[in-house]
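With the hints as constraints, model all of the structure from the sequences given.
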Amino acid sequence: MFYREAGQYKASYQSDQAIFPIAQDRIAMLALLVVAFVGVPLLASEYVYRAVLIPVVILSLAAIGLNVLMGYCGQVSLGSGAFMGIGAYAAYNLAIRLPFLNPFVCVLLGGFVSAAVGIAFGVPSLRIKGFYLACATLAAQFFADWAFLRIKWITNDTPSGSVNAPPLQLMGFDLSSPTANYLVSLVFTLVLGLAAKNIVRGHVGRQWMAIRDMDIAAEIIGVRPMYAKLTAFAVSSFLIGVAGALWAFVYLGSWEPAAFDIDRSFQLMFMVIIGGLGSILGSVLGAAFIVLLPIFLNQALPPFGALFDWKISTATVSNFESMIFGALIVFFLVVEPNGLARLWSVAKEKLRLWPFPH
Amino acid sequence: MLALKALPVLVLGGFTSVPGAIVGGLIIGAGEKLSEVFLGPAMGGGIEIWFAYVVALLFLLVRPQGLFGERIIERV
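Chains A and B, in that order, give the protein sequences. So the number in the working numbering is just where the residue sits in the first sequence, counting from 1, plus 2. So the number in the working numbering is just where the residue sits in the second sequence, counting from 1, plus 25.
If you are wondering where the hints come from, they were derived from the structure by calculation, not from laboratory data. There may be inaccurate statements among the hints.
[Unchecked claim] Capping the alpha-carbon separation at 25 Å, the derived lysine-lysine pairs in BS3-like fashion look like this: (1) A/LYS199 x A/LYS350; (2) A/LYS154 x B/LYS58; (3) A/LYS131 x B/LYS30; (4) B/LYS30 x B/LYS58.
[To be verified] Distance ranges between label pairs, derived from CB positions: (5) B/GLU95 x A/LYS350: 33 to 41 Å; (6) A/ALA122 x B/GLU95: 25 to 33 Å; (7) A/GLU48 x B/GLY71: 32 to 40 Å; (8) A/ALA20 x B/LEU64: 36 to 44 Å; (9) A/GLU351 x B/ILE47: 32 to 40 Å; (10) B/GLY54 x A/LEU294: 36 to 44 Å.
[What the hints assert, rightly or not] Footprint (simulated), chain B over chain A, 3 or more residues, beta carbon under 8 Å: (11) 145-156; (12) 306-314.
C-beta: ideal position from N, C-alpha, C; glycine also.
Okay, here's the thing in structure tokens:
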């Protein structure tokens, strides 16, 4: 009823290839942007920014990066936490060694350093895949962890290994307030997310998907596997590296090597799998789900226990939290193996015909 | 973390071989401790956390099926 596309003709190639071909989608997207850029800064408190909005926005970018590699090109990677760390430490080193650079320029350059390292660790993918490639990317993860901890040059010889981000400013404006932090990460995520969406729609993205679906067949029809796989590693590591640099500079402020350990890699992989492999929207939904569910359980369990006169201690809450979290992930994957993005497209399909399903 | 260490063991020994798993386990287990003792001081210590994975990675480049695994055949 509200989601009718009848009468919306596509008269040019341009309108046929639009990201949002239906007018209702465009209006909804515009409304969402207005809410994100105007509504949220008017309403959100500092807690909401620090606990919910900034992590969701930055981790969405990292999940988009991992989705480019895992969802579109089909290369399993367990080293995404390491690439976040490489982006963060590269940006940090650029910022302290070249103090005239703006912190946000350093964030972008950190992404390029991460892309270069990603290409290097992507070379084994030309010969191996599946479990074997997972093993190779685990090598990247543990080697990076070790390098952040043991190579003192990377952390600028700080005795504790903990480093501080430079103050965030742009053309004389101080950007250290939570609102500014949120807007900065939102701009980065939107611009790079849109770029990723356009890359996966273009000829490079089609090559990645051909490699994912069957690499030998893709090679026979003329896709160069080396070019396709290495560009996927480069684009993915760039996005993950920028997300890592933002995570360090904007969200954490000061951080230790443990911020980018293998738990972060697994968290990103959960986001991509739950959100939906091969979907940009799915990465964002998955990031929101993984960040929000523990917070929701943490807040909801004590009142729920109080209904039955049962006072739940904090330790019990955190135990229940991981139990319910794990159970929900398993349940969710059994019910909808294709992720949140698939649920969303099913809902859209239903809404097209509602309330007359014929 | 222990379960993840099993992955390089399998890669080294070969995915389809039980003797390979035993031999791979011995090589990885002894190798990472010996590397820590003999190579560790020269490289700043703590190299046992990545040694197993890097050995498996190098081994993959030379012999992808592992020590005792069946030869991998691609079918289209």
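Evaluation of the provided hints:
1. Restraint check for A/LYS199 and A/LYS350: the C-alpha separation of about 20 Å stays at or below 25 Å, so the hint holds.
2. Of the pairs offered as hints, the one joining A/LYS154 and B/LYS58 holds, with about 23 Å between alpha carbons and a cut-off of 25 Å not exceeded.
3. Of the supplied pair hints, the one linking A/LYS131 and B/LYS30 holds, its CA atoms being roughly 18 Å apart against a limit of 25 Å.
4. The suggested pairing of B/LYS30 with B/LYS58 holds, with an alpha-carbon distance near 13 Å, which does not exceed 25 Å.
5. About 46 Å separates the C-beta atoms of B/GLU95 and A/LYS350, a value inconsistent with the hinted range of 33 to 41 Å.
6. A C-beta distance of roughly 30 Å is found between A/ALA122 and B/GLU95, which places it inside the suggested range of 25 to 33 Å.
7. Our hint of 32 to 40 Å for A/GLU48 and B/GLY71 holds, since their Cβ atoms are close to 38 Å apart.
8. Between A/ALA20 and B/LEU64 the beta carbon distance is about 57 Å. The supplied range of 36 to 44 Å is therefore violated.
9. Judged by the Cβ atoms, the range 32 to 40 Å given for A/GLU351 and B/ILE47 is violated: they are separated by roughly 53 Å.
10. Under the hint 36 to 44 Å, the C-beta atoms of B/GLY54 and A/LEU294, about 41 Å apart, fit the expected range.
11. A stretch counts as covered by a chain when three or more of its residues have a beta carbon under 8 Å from one of that chain; for the stretch 145-156 of chain A and chain B the count is 6, and the coverage holds.
12. With 0 residues bearing a CB less than 8 Å from a CB of chain B, the stretch 306-314 of chain A misses the requirement of three and the coverage assertion fails.
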